[in-house]
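One letter stands for each residue in the lines below.
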Amino acid sequence: MTESNEILTYFLELFSSGLTRGSIYALLALGYTLVYGVIGLINFAHGEVYMVGAFIGLIVAGIMSIMDFNILAILFVTLTFAMIYAAAYGFTIEKVAYKPLRKAPRLAPLISAIGMSIFLREYVILAQTPDFVSFPALIPKPEFLLAIKDYLEPTELLIIVSSLTVMILLLVLIKRTKVGKAMRSISQDREMAMLLGINVNQTISMTFMLGSLLAAFGAILIAAHIGQINYNIGFIVGIKSFTAAVLGGIGSIRGAALGGLVLGLTESFATGYISSDYEDVFAFSVLVLILIFKPAGLLGKATAEKV
Amino acid sequence: MISEIRKSIIAAIWFSVLSFPLVALKVDYLEKSIHLRWDNLAIIAVGTFFISYVWRYFLQRVEKSRQEEVSGGIEKVSSAKTETSAQKILTRLVSLSHSKPLIAILLVMIIAFPFASSTYQTSIIISTMMYIVLGLGLNIVVGMAGLLDLGYGAFYLIGAYTYALLNFNYGIGFWMSLPIAGMLAATFGVVLGIPVLRLRGDYLAIVTLGFHEIVRLVVENWDEVLHGPSGIPNIPKPGLFGFEMGFNGSTTYLYYITAVIMVIAILVIRRLNISRVGRAWMALREDEVACQAMGIDTTKTKLTAFALGAFWAGIVGVLFAAKSSFVNPASFTFFESAMILSIVVLGGVGSIRGVILATLILILLPEYMRFLKEYRILLFGAIMVIMMVFRPQGLISDAHHEYELTPRPAGDGIRPGMSPEFNSTTGSSSNNQ
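Protein chains in written order, with the numbering used here: chain P, 255 to 561; chain F, 451 to 883.
Honestly, the hints are just simulated from the structure, not real lab data.
It is possible that some hints are incorrect.
[Stated by the list, open to error] DSSO-like cross-link-like pairs, simulated, lysine-lysine; straight-line CA separation at most 27 Å:
(1) P:Lys349 / P:Lys432
(2) P:Lys548 / F:Lys750
(3) F:Lys457 / F:Lys514
(4) F:Lys687 / P:Lys349
(5) F:Lys476 / P:Lys357
(6) P:Lys353 / P:Lys435
(7) P:Lys429 / P:Lys353
(8) P:Lys429 / P:Lys349
(9) F:Lys457 / P:Lys349
(10) P:Lys353 / P:Lys432
(11) P:Lys357 / F:Lys457
(12) F:Lys476 / F:Lys823
(13) P:Lys435 / P:Lys349
(14) P:Lys432 / P:Lys548
(15) F:Lys750 / P:Lys353
(16) P:Lys395 / P:Lys548
(17) P:Lys353 / F:Lys476
(18) P:Lys357 / P:Lys432
(19) F:Lys482 / P:Lys395
[Claimed, not checked] Which stretches of chain F does chain P cover? Using the computed rule of at least three CB atoms under 8 Å from a CB of chain P, they are:
(20) 473-481
(21) 635-641
(22) 648-660
(23) 663-673
Predicted model only: the values in this text are computed from it and were never measured.
For every residue, glycine included, the Cβ atom is placed at its ideal position computed from N, Cα and C.
Go ahead and model the full structure; you've got the sequences and the hints to work with.
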């Protein structure tokens, strides 16, 4: 293998691992952005829903692999269960911690979210384990992808493709369906939407469920790829995904996807070419730099100040 | 009654289903074992049945009093009538804390405390007082100036490391480090403040959070200069003219230093609150555009808020380093920033007494809940949620809620011809203290 070829392989390696990370950030960032768009709240417990999703997935996958099911069946059932449960958790969190605070001062739901996040972490520590546990490798490696193994990890490609597909589905849902329309109208003007007969409470619940679903989807994929999880995985991924959402312009769906990918790639390249110690420093530096020059994020619209 | 019970049963079933996989199952797929723990699930079912009943009862009461406030806005503005018993106790506490005898008693109690209790208790109270100062400092930024800062812990870290490094490298003592750390933290406050001047709201929140993470990670990774994750040990406690005091004696001495700093912080911030710059902060919080239109230099106002807030964090950082005699980056995670922010919000944004009350609850509660063992932090998280749900405006709500233009009946302390806004402005400055 020539030297230039090696450089190219290394670049591709970083590129694909960056895209993989980026697509997970994007999936979570969508959850943040959806919730923020609809009720203007930073849902600090979102990272924890991601973590709970991973643990539910571990339990389902564990039971099924003890019963010797086919790997594809396990993946499918695990994803389904984790997503349904995460949605239920998202729904419940909203009902318990945020709904009573709809009319409260803006900082109150934020603190309630932080409290919820602490609660969920401890809940998983107590109910399951404070240690790292290994997660079964559920993502299949089809034959035809092994050919490009030198350039792209097959599981990474599958993660990227499937999360992009989910994001496109979400975009269609937001743009084309009635629920999506209701969400957009609430984000524009909640009271007007209420007057026009939109069930606001139901739509907000739907938003939380949708966001949680995406988080669980990402959680299972990345857990199966990396191979281990613990109670702490939600925190840093959550913060970075929120960073991604802000980077892209919070409230903007496409912005969240773009922000996630930009953040993932930045991290991956900075780690690969500069230093792996400062991985998170690069991520946050990029955020600070972009916000200084574009205060509303990459795709966010700068709203004119009304006087 | 029956419908209430039905609702509780539904809640119990829902939470049982929700927690079933995590609570009742424990699977180890490598060793091929599945544990079923039905007893845990039974506890959850019974527990949620009662909790949901109590939860809904109190929630209804809160909603009812809120609705009365809205519907009776004009007739009975004097909020005393709509207050629940809990609120009455709080208002009584608030009015009590004005009284001079009580303050005198409190001061005597603070002075006498180290003699009446163990070193362990004393050190708990030291950290409580440290958090009070931190809460007051962040209150300048979040409560008064309305700038949501999630990275306040970074300044705390900077203060602690300033003392630790100055002492480690140059042998500089506590008293010299104290002002240096305060100034350095304030400088960093301005350094953070300048780039984020244009940002507002949640963008500001995430950038300050990013700043905190950057500072922490740089400390964690820069081994040569900042000693990395292992931290800096053997930081001395402050000395008294070279007088040897032993562990207990130096803890008591540190207790008094912290107490004095706390009292100074309370007095200074109280004065700041009604000073020119304090009123500028409040104007900034209420409406940035209007504030600018009134000729207030928003850049300068924001930067002073950041600098003065950070200054106190730097001071407390030195105290922290002296108290624990060891610093490492793990003591200054995001959790620390979240904790301080919770103190400010739970206390009631902008209120000094609120900060003190909230610190007592949030710092002492986990300390004295140790008998709950591993459920301590779980309950702590739950309490944060519960407090916010039932008292979203904070324990002692700041007077700026009174800015609403509700017409008041005559004889409500307003002289005819005086506009209600004017009245509430003066009211707020006196209430805030």
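Inset, instruction - Against the earlier hints, flag every one the structure doesn't satisfy and list their numbers going up. - result: Of the numbered hints given earlier, those the structure breaks are 4, 5, 14, 15, 16, 17 and 21, listed in rising order.
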